[in-house]
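Chains A and B are the protein sequences, given in the same order. Going by the working numbering, 159 is the number at position 159 of the first sequence; the sequence numbering is gapless. Going by the working numbering, 8 is the number at position 8 of the second sequence; the sequence numbering is gapless.
Accuracy of the hints is not assured; some may be wrong.
[Unchecked claim] If you want a taste of the chain A side facing chain B, the calculated C-beta under 7 Å gives, among others:
1. His66
2. Pro74
3. Pro140
4. Glu155
Just so you know, these hints were derived from the structure itself, not from any lab. Note that this is a predicted model, so its numbers are computed, not measured. Idealized CB from N, CA, C, for every residue including glycine.
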Amino acid sequence: MVIPWFALGYTESMSTPRFVVTSDPLALGPLVEVVARPDGGARRPGAVATFLGLVRDENLGRRVTHLVYEAHAPLAVKAFERIEAEIRVRWPAARLALHHRMGRLEAGEASVAIAAASPHRAEAFAACRYAIERVKQIAPIWKHEFFEGGDEWIEGATADPEDEAARAEAMRKACA
Amino acid sequence: MRVTIRLFARLRELAGAEELAREAAAGATVGDVWNALAAEFPALAPYGRAVSAAVNDDYAPRRRPIEDGDEVAFLPPVSGGRR
C-alpha cells in the first residue's frame with residue numbers, strides 16, 4: 001500500500017521518520033537512506049551499520065509458533081530518542097534510526113530494525129550495538145510468546161533509564 | 001480527583017482491562033495509585049517494585065504527586081535479551 005506523504009503528517013520532506021513503532025513490516029533500506037543523508041550541515045557519514053532482529057522459531061527449548069509485541073508507543077519513541085542522545089554523548093557525529101514492530105509476528109519476520117551512521121565504521125558498529133542493547137533494557141515493549149503447548153509473556157527486568165550501571169554495561173558490549 | 005490508569009502486557013491481562021478510570025485523594029502519588037490498584041486486583045500485587053510507571057507519557061517515580069486528569073501507566077518488566 002502506498003501512503004501519500006501528506007497523509008503521514010510530514011512537513012519537511014517525504015523522508016522516513018527515524019524513530020517509529022509500527023504494525024507494518026520493517027525494511028532496512030529507508031533507515032539506511034535517512035541516516036546516510038547529510039543532516040543540517042553535518043558531514044556526510046562514511047559508514048552505516050545496520051541490525052535486523054528476527055523472530056526465532058525456538059526459545060528456551062520450546063517450538064515458537066508466533067510472537068505478539070505490545071508497546072507503550074509514545075514512551076517507546078521517547079526511549080529511542082533518548083538512546084540516540086546517549087550515543088551522541090560518546091559519538092557526537094553519529095545518527096540513528098530505529099523502527100520496532102508491534103502486533104503479531106511469525107518466525108523469521110523482523111521485529112526491530114536499526115541503522116547507525118557515523119564518519120567511520122568503528123563508531124557506526126558500536127553505536128548500532130549500543131542501540132539494540134539499550135532497547136532491550138529500557139524500551140517499554142513486551143513480547144508475548146506463543147509456543148507449542150502454551151504461551152507466556154516474556155518478562156526480564158526493566159532498567160531505570162538513569163541507571164548508570166545498565167548504561168555502562170550496554171557500552172561495554174558495544175565496544176567489546 | 002480523577003485519574004486514568006493504563007495497563008500493559010501481562011498487567012493488562014491480569015486486571016482484564018487496559019484502561020480504568022479511578023478516583024484518587026488529593027495529594028496522592030503514583031505509588032498510592034499503584035497500591036490501590038494492587039488492592040483492587042490482588043493478582044497484580046506480586047509485581048511490587050518490578051513495575052515501572054509513566055505519567056502522561058513520561059517515566060515517573062513512585063513518589064511523584066499526580067494531578068486531576070493525569071494518565072498513569074503501569075509497565076511490567078520488559079523482555080530484555082538473554083543474549
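Status of the hints after comparison with the structure:
no., hint, result
1, His66, "15 Å, violated"
2, Pro74, "4 Å, holds"
3, Pro140, "5 Å, holds"
4, Glu155, "5 Å, holds"
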